[in-house]
Each structure stands twice: as structure tokens, then as C-alpha cells.
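Asker: Put together the whole structure using the sequences plus the hints.
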Amino acid sequence: MVRIRMENAKTWKTCISAIAALIDEAAFKFTPEGMRMKAIDPSHVALVDFELPADAFVEYEVRKETVLGIDLAEMDKVMSRAKSEDEFVLELSEGENRLILTFRGKSTRRFSLPLIDIRETELPEPKLEFTASAQVSAGAIQDALKDAGLVGDSVKFEISSEEFKMSAEGDSGSVEMKLSKGDEGLKKLDVRQQARAMYNINYLEDMSKAASSDDIVTVNLGTDLPIQLNFPMGKKGRLSFLLAPRIEAR
Amino acid sequence: MVRIRMENAKTWKTCISAIAALIDEAAFKFTPEGMRMKAIDPSHVALVDFELPADAFVEYEVRKETVLGIDLAEMDKVMSRAKSEDEFVLELSEGENRLILTFRGKSTRRFSLPLIDIRETELPEPKLEFTASAQVSAGAIQDALKDAGLVGDSVKFEISSEEFKMSAEGDSGSVEMKLSKGDEGLKKLDVRQQARAMYNINYLEDMSKAASSDDIVTVNLGTDLPIQLNFPMGKKGRLSFLLAPRIEAR
Amino acid sequence: MVRIRMENAKTWKTCISAIAALIDEAAFKFTPEGMRMKAIDPSHVALVDFELPADAFVEYEVRKETVLGIDLAEMDKVMSRAKSEDEFVLELSEGENRLILTFRGKSTRRFSLPLIDIRETELPEPKLEFTASAQVSAGAIQDALKDAGLVGDSVKFEISSEEFKMSAEGDSGSVEMKLSKGDEGLKKLDVRQQARAMYNINYLEDMSKAASSDDIVTVNLGTDLPIQLNFPMGKKGRLSFLLAPRIEAR
Numbered sequence: 001m002v003r004i005r006m007e008n009a010k011t012w013k014t015c016i017s018a019i020a021a022l023i024d025e026a027a028f029k030f031t032p033e034g035m036r037m038k039a040i041d042p043s044h045v046a047l048v049d050f051e052l053p054a055d056a057f058v059e060y061e062v063r064k065e066t067v068l069g070i071d072l073a074e075m076d077k078v079m080s081r082a083k084s085e086d087e088f089v090l091e092l093s094e095g096e097n098r099l100i101l102t103f104r105g106k107s108t109r110r111f112s113l114p115l116i117d118i119r120e121t122e123l124p125e126p127k128l129e130f131t132a133s134a135q136v137s138a139g140a141i142q143d144a145l146k147d148a149g150l151v152g153d154s155v156k157f158e159i160s161s162e163e164f165k166m167s168a169e170g171d172s173g174s175v176e177m178k179l180s181k182g183d184e185g186l187k188k189l190d191v192r193q194q195a196r197a198m199y200n201i202n203y204l205e206d207m208s209k210a211a212s213s214d215d216i217v218t219v220n221l222g223t224d225l226p227i228q229l230n231f232p233m234g235k236k237g238r239l240s241f242l243l244a245p246r247i248e249a250r
Numbered sequence: 001m002v003r004i005r006m007e008n009a010k011t012w013k014t015c016i017s018a019i020a021a022l023i024d025e026a027a028f029k030f031t032p033e034g035m036r037m038k039a040i041d042p043s044h045v046a047l048v049d050f051e052l053p054a055d056a057f058v059e060y061e062v063r064k065e066t067v068l069g070i071d072l073a074e075m076d077k078v079m080s081r082a083k084s085e086d087e088f089v090l091e092l093s094e095g096e097n098r099l100i101l102t103f104r105g106k107s108t109r110r111f112s113l114p115l116i117d118i119r120e121t122e123l124p125e126p127k128l129e130f131t132a133s134a135q136v137s138a139g140a141i142q143d144a145l146k147d148a149g150l151v152g153d154s155v156k157f158e159i160s161s162e163e164f165k166m167s168a169e170g171d172s173g174s175v176e177m178k179l180s181k182g183d184e185g186l187k188k189l190d191v192r193q194q195a196r197a198m199y200n201i202n203y204l205e206d207m208s209k210a211a212s213s214d215d216i217v218t219v220n221l222g223t224d225l226p227i228q229l230n231f232p233m234g235k236k237g238r239l240s241f242l243l244a245p246r247i248e249a250r
Numbered sequence: 001m002v003r004i005r006m007e008n009a010k011t012w013k014t015c016i017s018a019i020a021a022l023i024d025e026a027a028f029k030f031t032p033e034g035m036r037m038k039a040i041d042p043s044h045v046a047l048v049d050f051e052l053p054a055d056a057f058v059e060y061e062v063r064k065e066t067v068l069g070i071d072l073a074e075m076d077k078v079m080s081r082a083k084s085e086d087e088f089v090l091e092l093s094e095g096e097n098r099l100i101l102t103f104r105g106k107s108t109r110r111f112s113l114p115l116i117d118i119r120e121t122e123l124p125e126p127k128l129e130f131t132a133s134a135q136v137s138a139g140a141i142q143d144a145l146k147d148a149g150l151v152g153d154s155v156k157f158e159i160s161s162e163e164f165k166m167s168a169e170g171d172s173g174s175v176e177m178k179l180s181k182g183d184e185g186l187k188k189l190d191v192r193q194q195a196r197a198m199y200n201i202n203y204l205e206d207m208s209k210a211a212s213s214d215d216i217v218t219v220n221l222g223t224d225l226p227i228q229l230n231f232p233m234g235k236k237g238r239l240s241f242l243l244a245p246r247i248e249a250r
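Chains as they are written, first to last, in my numbering: chain A, 1 to 250; chain B, 1 to 250; chain C, 1 to 250.
I should point out that these hints are in silico values taken from the structure, not numbers from a laboratory.
Which copy is meant is left open, so a pair is good if it fits within one copy or across any two.
30 Å max Cα-Cα, derived BS3-like pairs, lysine-lysine:
{"hint": "1", "residue 1": "K165", "residue 2": "K178"}
{"hint": "2", "residue 1": "K83", "residue 2": "K178"}
{"hint": "3", "residue 1": "K209", "residue 2": "K127"}
{"hint": "4", "residue 1": "K187", "residue 2": "K106"}
{"hint": "5", "residue 1": "K165", "residue 2": "K83"}
{"hint": "6", "residue 1": "K236", "residue 2": "K106"}
{"hint": "7", "residue 1": "K83", "residue 2": "K38"}
{"hint": "8", "residue 1": "K188", "residue 2": "K83"}
{"hint": "9", "residue 1": "K181", "residue 2": "K235"}
{"hint": "10", "residue 1": "K106", "residue 2": "K188"}
Answerer: Structure, rendered in C-alpha cells:
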């Protein structure tokens, strides 16, 4: 039996929207301790790790471990119909072959979605030694990604002990966004060794949909390593993305 | 002579927008008592009945019965240029072969439209014995229609003594919206015999453009009968739609 | 050396957006006294004259006359990324072959654009004897242009001692906008001899992007002469358009 209730639909709606942009289907594992979903995108460039502990929910009834195969595009369509302030309930149907999503606001709306078969695949668990970390306003990252999109399809991240920088270059010009210590959009800078690497803009734009512009994102970086973006979900949950670097022509 | 003036353009703009989505041209009959327009859509599935009595207008000058043939797409284009708060005047040109629409706001804007010849056709006057009626917030209906559109092109309406329900089913899942007695979006429920029938979503979406989400719509229903949607227009007017049911496969 | 700083990016953003709709590239001339750009559109129908004196800027460092060839489409793309309240700096790169645009808000964003070669062309300096002039709210003009677009692709301007009028006619009807003395949208009317002429709507719509709807535009008119639209830019600057008339079939 799986039945979870959230005060509002906003968190689930936002996370599913970002994840569905990257991944078609995924296995959501519910245990008495909480929900976890890990998946890799079809081109094996991006890893998603989505986790909400039991006490992130108003109500959380899960007796035994249950894995639900979910078509993310279909779930995203349904979640897009939720109003952010609607109370949200997700539960297994009695026959256990369908998922029931209920939004309660001025009216009560119930959607049912078929579950899908998913072969559980062993996911890589990369051990990464990030050497620099920054807490940055999501809005600054979202703007810089759009800026970078003007001149190319890759963006370079650099974190030094003084600043957080995103930049891009192309035939039509170059673009650079900087946040220095003390700037409003830079909450924290934690640098063991300065780091830089280059990434695909489209993937990052999909990932950054998980945040409102005022949210704070943690960016973990190592030179030519994958980048990790951590979006806090409430006090207890987390949506985390890992994206492989592009080889930089020098 | 026909000359009518309304405090603002909003009512006329909204009604014409909804009607023009269904019907290409129509005969508007002006008598000293008021304006009435009845028309059927090209596929003979939907009937429109639009009525505004003389005292719904700030000024209403109609000496004798006059029937004006109007190209609704053209009138809709003109009305879409009105600002909702503009004062609105509609009148016959002196030569009587054109319609003059005037919007008065920060500037005065005058549009003239050619009248068209319309053969008056005898419209069916179906006598329908509705057995259930509900007063529902237009927003709840508009949301439920969009929800239903996720899974199919038909939506089932059901009114019982306890609740108002819209639902749809398709290969990708099912959808249901319920308003129970006491819910904010359900003002009144009047049931002689519970009723249900299925209708085309596109037609209903066009019709529901006649309302703002806070408006209250009266839904009249009988099992497998046409559905009637009544949108009050001010205290005295009314825009009413009748839509034939779809045969439901059981 | 060229380095200019504006309190916010709004003026430059709005002007470039309107100009780029008409013209692909232009030579911006910076002198110690101020900036000036004059250009003609590819079909030789519209002239642009954009002028900002040195004291329209917070900071203005130009030692000697410098002409910069700018790809307006590229600059417009960059300016569209500015937030209106961002501080805006434009400067020549040290190598002097690129333009650096910097937006300072919550983050600092730097864009670089290659300069382009522009052959300076002698522009016509038409001596026009306008006989009538009106100061009109930009919103009224913008609305009337959209109205006129419903029925055709030309609009007639008329200024008499009593009123400012824009009108259009087509097969599907006719349209007219009037501002009379005393109307909120008409600030001033200055008529030596009443004037009227007809112009292309698309060009005027592009030009009118230079204004917010509350701005006041000065319209200079002479019968069958080009029309001049003057948009004040702050207290000291000016963006001015000249558009050739269409021959009116009478």
C-alpha cells in the first residue's frame, strides 16, 4: 500500500517537470523511510537523484518497499493541471496497477495513470572529488544559461576563491556572468582548489526548471568533472542532478 | 433605426468571442423589446440562444423590428480590439447597409462592418425534459474540460442528488472532477432524477469562453439528452448553449 | 576610447529594439558631445535619427570622434537579455575591435560583440515643410495601428485644427481613430495648414515599439509628405523616424 499526501502540489509538480524534460520513465522506490528515484537519461549524460523522506509529507503510508514504474511524460501532463496551492495525494489503486493522483482545491480532481514495467538497471555511482562549491541564486544561473544560449550550446563554469563565473563563446560574440563574494546572488563559496569545466546548455536549462528564481542552488564542481546541481526540496528533500562535462577544445 | 449603447464592451466582446468559435454568421433580431439571436452550428450539433432585453442597455433605440445579418468572425476581430472598459455603441449606418461599432475610452475608435445577407432558417425548438440541474462555477468546468482533454475528446457529465461530476477516459488514463454539496464551486443542485450523458470537449471549451472563471453557469442535464449551459449576462440577459450528446459505447 | 554608462538599460534596449526592426546594421558616431546614429532602411522608405547628448549618460568618456559599425540584430539579441533596471555600460574593448556590453544587477553580465565594417553613406537630408503637428499618447497610436491592420496594410493620418485622426479602409470594413481637442490622449495640436497622407502600417508598428503606451509622441505631418515621429528619450535625447508616404488612390 502506498498513499502519500502533500500540503500542496507545487514541489512534486516542479520536480516532475524538470525530471520529465530529461528522462522518459523511471522507477520510484517507496519505503517506510521515504521516496527515492534515481535514473539516467537516454544518452547517459545526466543522472537524476530525487529524494523525499517520509516526514516531508503531511501523510505518508507505506508499509513495505514498493517500486512504481512511472511514465514521466504522462505524469508531467497530469501535474501540469495541478494548481500550485492544491492539496496533492498520490496513491496506488486497489488493484495496484494504476496510480491515482488527486488535487483538492475548489473542486476535487482525480487522475489515474497506468503503471509501466521498468527493468531495474544498475546505475553508476560515480565517486567524484569535487574541489569547489558555490551556493548561487537559481535566477542568476537561469539568466546566465539563456545569455550563453545566444552564442553557443556550451557553457563554462568556473569557481575560484573569489568568484563564481559562467561563460560562453561563439562566432557571434561572447558572454560572461560573474558573481563575486559579497554579491546578493552568491550565498557561499567553498573552494579547496579552483575548478572549471564545460557543459551542455540544454541539459542545464532543463535541470534548472526545478527551481524558482529566488531558490538557492548548490553547485559542486571539479576541473573537467561532472557538475552536480543540488536543489533543496523543503527542509528535508532534495533533487540532485549530475551532468557529464564536454571535452573543451583548447 | 438601430442604435444601442452599453456601459462597457465586455459583455458583447465575451459573448461574440464564444459564439464566433461555433458559428460563422448569424441573424441578430432587434425589436423594441430587445435583441435576440438564435443560430445552429454548421454541423448541427450546437444551438446558440443569445438574448439581451432593451433595459440591459444604457441606451436602446429600436423603432421597428430589424434583422441584421452579421459575419461573426469579422465582428469578433473588431470586438477583440475593444478594451473591456470602453463604452460601446453599435448602430446601423445611415445608408443602413453597414454596421458601425464605436469604442470610447482614451480615444474614440469607430469600425464599420458590411452587413451580410442571411436566409432566415427555421431552427429546431427541441422540447427537452431535463431531470437535473446544477449551478457550478465556470472555472471548475473550464478546468475539468482541460483535464478531460488530456485523455480523450469526450467528457461525461453526471448529476446526482449528492454531486456534480465530469469525467473522461482514454488509453493514457482517466480523469474525474467532482463537486459535492457544500463545496465552494457548487452553488445549487436540483435533481428530479439523476442524469448522465457524454459530450464533445471542443464544443464545450468554445462555449465556456463566454464566462470568467468566477461566473456561475447553470448546467441542465437529462440522461442521453443534449446539455444546456446558461450563462447569465448581467441581470437581464442570457447566453444559452445546447449541445447534442455523443452516443456512449458501453 | 569609448565608454558610456547609463543608469538603466531601458532606453537603449527600447531604442535598439525599434531600430533593429527596420535596419540591419548602422554606424554609431560617438563624439565628445554625444552619440548620433542616422540610417536608412534597405528599401529606402524609412530614415532613423537617434541622438543622445553626452549629458544623457551617467558617465560619458569619448576623447575623439569614433564611428562604430554595429550589427543591430546581434545587439538587439544582447539588449533583450538586459533587465530594464540593470545598470548598463557600453565600451570598446582594448583591442578596439569588439564592443563590450555590461549589465549590472543582481549579477554582472558581460557580452562582447564583434564590430562590423560599414561604408559610410551619404544620407538624404530631406527639407520638409510640415504644416501640422500633434503630440499624441503612444498608446493611442499603437492601438489605432492594430485596428487599421484589421482591414488593410495602409493607414491615413489627418491633422486638422480640431482633431488628430488615423483611418483605414479595406474590403472587410473600415476603421477610424479620433482624438479631439481636450481628449486625454491629445496633448497639443499645432496646425498651420491641415494635412493628410497615407503610410505603411508595418513600418509604423515597428517604429512605435520605441515607446511605452504612456509616452507622448510628436507627429509631424504635411499633405502627401513623409511623416515624422519623434520619441523623446529622457530630457535630452531623441529617437526620430521619417517614413515616406504611399500614393493614395483617390
